[in-house]
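Enquirer: Chains as they are written, first to last, in the UniProt record's numbering: chain A, 1 to 391; chain B, 1 to 452.
Because the hints were derived from the structure by calculation, they are not lab data.
Using N, Cα and C, we set each Cβ at its ideal position, and we do this for glycine too.
All clues given are correct.
Distance condition first, Cα-Cα at most 25 Å in a straight line; then the derived PhoX-like pairs of lysine-lysine:
#	chain 1	residue 1	chain 2	residue 2
1	A	Lys73	A	Lys52
2	B	Lys377	A	Lys343
3	A	Lys343	B	Lys112
4	A	Lys118	A	Lys90
5	A	Lys250	B	Lys172
6	B	Lys380	B	Lys6
7	B	Lys278	B	Lys62
8	B	Lys61	B	Lys172
9	A	Lys250	B	Lys61
10	B	Lys380	A	Lys343
11	B	Lys278	A	Lys73
12	A	Lys73	A	Lys101
13	B	Lys112	A	Lys90
14	B	Lys6	B	Lys377
15	A	Lys201	A	Lys90
16	B	Lys5	B	Lys392
Reference excerpt, derived from the structure (chain A facing chain B, CB under 8 Å, subset only):
#	residue
17	Lys250
18	Thr341
19	Gly363
20	Gly375
21	Lys378
22	Val379
Beyond 10 Å from chain B on every Cβ pair, some chain A residues (computed):
#	residue
23	Leu27
24	Gly28
25	Lys90
26	Ala117
27	Glu119
28	Arg200
29	Val212
30	Asp295
31	Thr300
32	Ser327
33	Trp329
Listed below, chain by chain, are the residues.
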Amino acid sequence: MEPQLGLIEQSFHVRYSDGVREALDELGDSFLITDPSISGHPIVFASSAFLKIFGYSKDQVIGKNGRMFQGPKTNRRSVLEIREAIRQEKAIQISLLNYRKDGTPFWMLFHMCPVFAKEDGRVVHFLGVQVPILRKSRVVRNPSKLCEDGTGFLGCCRREVTSDSVMEVGRGLALDYLLNSDDRELEIDQPCEASELEKRKAATAISNILSVLAHYSESEVTGRLVCGKACCLSGMGLGASINISFGRIKQSFVLTDPHLHDMPIVYASDAFLKLTGYARHEVLGRNCRFLSGLDTVSATQFEIAECIRNERPCTVHILNYRKDKTSFWNFLHISPVRNATGKVAYFVGVQISSSCNSQGKQGLSPAMEHLSVVGAVKVAVRSLSIGASTS
Amino acid sequence: MLTIKKVPTVVSNYQEDGDDNNNAAGIRTEDATQSQARGCARNCLGKCCLPVSKLPLYAFKKNDYPSKNNAVFPSDDGVSPISFLNNLLLAQWEDRMRRGLFRYDVTSCETKVIPGRYGFIAQLNEGRHLKKRPTEFRIDQVLQPFDENKFNFTKVGQEEVLFRFESNDDDKSRFFSSYAVDICSISPSVVAINVSPIEYGHVLLIPRVLDCLPQRIDHESFLLALYFAKEAADPFLRVGYNSLGAFATINHLHFQAYYLSVTFPIEKAPTRRIMARKGLQGADLVVSELLDYPVRGLVFEGGCVLRDLSDAVASSCIYLQQNNVPFNVLIADCGRKIFLLPQCYAEKQALGEVSLEVLETQVNPAVWEISGHMVLKRRKDYDDASEDYAWKLLSEVSLSGVRFESVKACVSEAAGLQVEVDTYNIDQKECIYDSEAPQVASHMQRDCPAIH
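Modelling step: build the complete structure from the supplied sequences, incorporating the hints.
Expert: Have a look at this one:
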């Protein structure tokens with residue numbers, strides 16, 4: 001289920017100039033860089049320090065999703081908090097139980113930060129730093145304090161909690177736990193709070209990595225959102241969260257924006273690229289008509305245009321052409337898609353090639369396959385422009 | 001007898017046909033006995049039509065044995081490809097939209113996240129509720145017998161049914177696009193559309209539709225609902241249940257589900273672990289209580305196999321039912337997290353104890369509202385919607401601290417869980433200072449270990 005290596009290569013190649021990987025490794029910190037616009041939100045870079053700590057080789061990590069380092073005792077709530085931070089495109093610092101390749105679990109401080117493109121405020125990568133939490137500074141947290149310091153969901157950018165104050169409160173309970181539990185179990189089962197030093201180490205690492213990325217970036221990137229509120233829909237960029245949602249849809253489809261001049265493609269699935277033979281940057285920003293060619297019936301194109309004008313769904317069989325000029329019959333379905341305002345925000349186009357034998361591979365008829373994509377896209381787009389992310 | 005008046009939500013296009021209060025519409029239903037003899041020609045879900053029907057069937061694989069690494073759920077997290085069940089549901093739902101079966105297009109309704117700590121979600125939906133006269137609902141009995149003269153899901157037209165959802169004995173889940181219904185060997189469970197959807201994909205899961213079970217939880221049915229959440233494998237598809245007295249409209253056993261790709265406020269609330277049952281290799285079944293949330297509730301997680309988790313919740317619900325405590329249940333995170341929320345709003349409303357300001361917004365706090373998703377009928381309410389309002393409304397729903405303590409104690413016994421000693425002691429101190437102590441006795445009819 002991993003995306004092609006080509007897309008992973010592209011992820012860095014398009015954004016940063018040569019030498020960036022070496023420069024990143026020179027930093028000596030353990031970190032991962034992921035790309036939310038690729039299906040599955042895969043890792044596109046893993047520092048050598050990371051590979052060393054976790055015990056994996058590069059090939060075992062690149063292209064996979066970060067969840068591979070979680071395991072049965074990883075706190076589910078922490079995982080959800082990270083997911084929420086990704087959805088809101090915010091930074092987060094959180095203690096997390098991770099597992100090495102040999103299966104041993106260990107606590108680490110995970111600090112994640114989105115990397116924004118300066119030109120349109122789009123999240124191009126997520127950067128995740130791991131700082132192992134050393135046993136000496138381990139503090140047992142009083143569980144009821146979880147809500148009081150206002151961290152977690154109620155404030156994705158955690159405020160600093162000084163280890164002194166937590167130590168005081170936790171002292172009474174800590175003694176009970178220590179007297180009653182096996183020390184090894186204690187290490188894993190009790191949540192670990194990172195020390196001040198560890199937190200600062202993580203923040204410094206983030207800052208250094210961002211500097212390197214900024215230095216090597218073709219068009220500018222930044223760790224802080226420059227254009228105020230996350231206006232990820234300006235221009236053609238879609239937010240990280242919706243990219244991840246779209247990445248779950250395996251069929252060929254595109255999203256076009258009727259509010260932009262000439263209704264360009266603003267999203268194209270991996271399957272679409274595979275079907276048509278184009279690279280992502282070759283289709284984004286173009287109107288779909290480039291798929292039509294010499295023998296495409298213009299009446300069909302007219303029918304499509306009419307339906308779009310009337311904001312009605314339509315289904316057609318249209319002759320389309322791949323990048324290599326070969327043609328295929330495209331069983332195409334187009335439907336308007338509304339966002340949280342209730343108004344039409346995009347059109348989705350779903351392509352089923354009659355030439356390939358994969359119809360009904362899932363047991364759904366082609367017409368139903370069309371509709372399942374429309375449904376999934378509608379659910380994802382429904383929460384676009386839904387408004388305030390929580391404070 | 002306590003009742004409240006409210007306009008019932010129309011969940012099926014056939015709901016108003018046989019409605020006691022709507023005979024003036026002139027649509028006559030056949031006499032019940034006659035229908036059974038010759039078929040009612042309406043292609044419904046009754047014994048008259050179902051035996052000669054074919055419906056799509058999704059037969060899921062049941063997992064009664066702990067897996068190798070003791071993981072009940074896959075480790076993925078909303079990143080892996082959409083499951084087949086999910087695709088099926090989306091496709092079928094969109095198909096019914098194209099056929100015009102819904103009363104309105106819910107995606108045309110404005111919706112927003114209210115600024116605040118929790119991000120309550122508000123929707124402006126002026127068309128959801130009919131401009132009908134409100135009907136009287138009895139709210140002081142959580143268990144009421146099934147009444148075949150009232151609307152129930154056997155009267156629903158088959159076009160409103162998307163597919164059957166049942167377990168199989170095979171080694172994997174299977175899908176049959178058209179399967180004859182053999183009512184002698186199995187009582188079919190179906191997924192049907194809600195024609196007044198709260199959000200995209202709003203469906204009703206009706207276990208063993210022909211058995212005409214009243215709205216009450218039983219172990220098998222709850223397990224079915226949990227498998228539904230698990231097989232869909234989408235953290236944004238949640239499954240909900242409202243008991244009678246907690247704003248269930250129809251007294252025929254059903255669960256609800258719909259998609260909304262934002263995190264619900266209740267899912268963000270911090271929790272504190274209060275009960276557990278130790279499991280193999282650390283797969284404990286854990287119950288926590290919600291903290292810093294306007295409604296008091298319990299969160300169930302863990303267990304070695306899905307049935308462990310399911311039975312713990314079901315047993316707790318059964319306890320509540322038998323003790324006449326209305327409640328709502330939210331199944332979230334693909335079935336990993338289950339919220340149990342006892343409530344008393346309807347009782348307060350019937351006794352005239354809810355503030356006028358809150359009553360006027362006509363929001364009935366069922367499972368979705370309690371979870372933080374509110375549908376508002378009036379533009380003014382939508383524009384003015386604030387976290388304050390949501391908090392105020394939901395505070396009226398919650399059981400008092402003292403009543404909730406009793407519920408906790410009895411749940412631990414009903415579900416066979418050990419209370420975690422240190423935190424339990426803290427709770428005891430808190431409840432002594434609660435001023436609503438006298439109410440406890442009247443509501444708890446069954447003997448349960450008294451706390452104080």
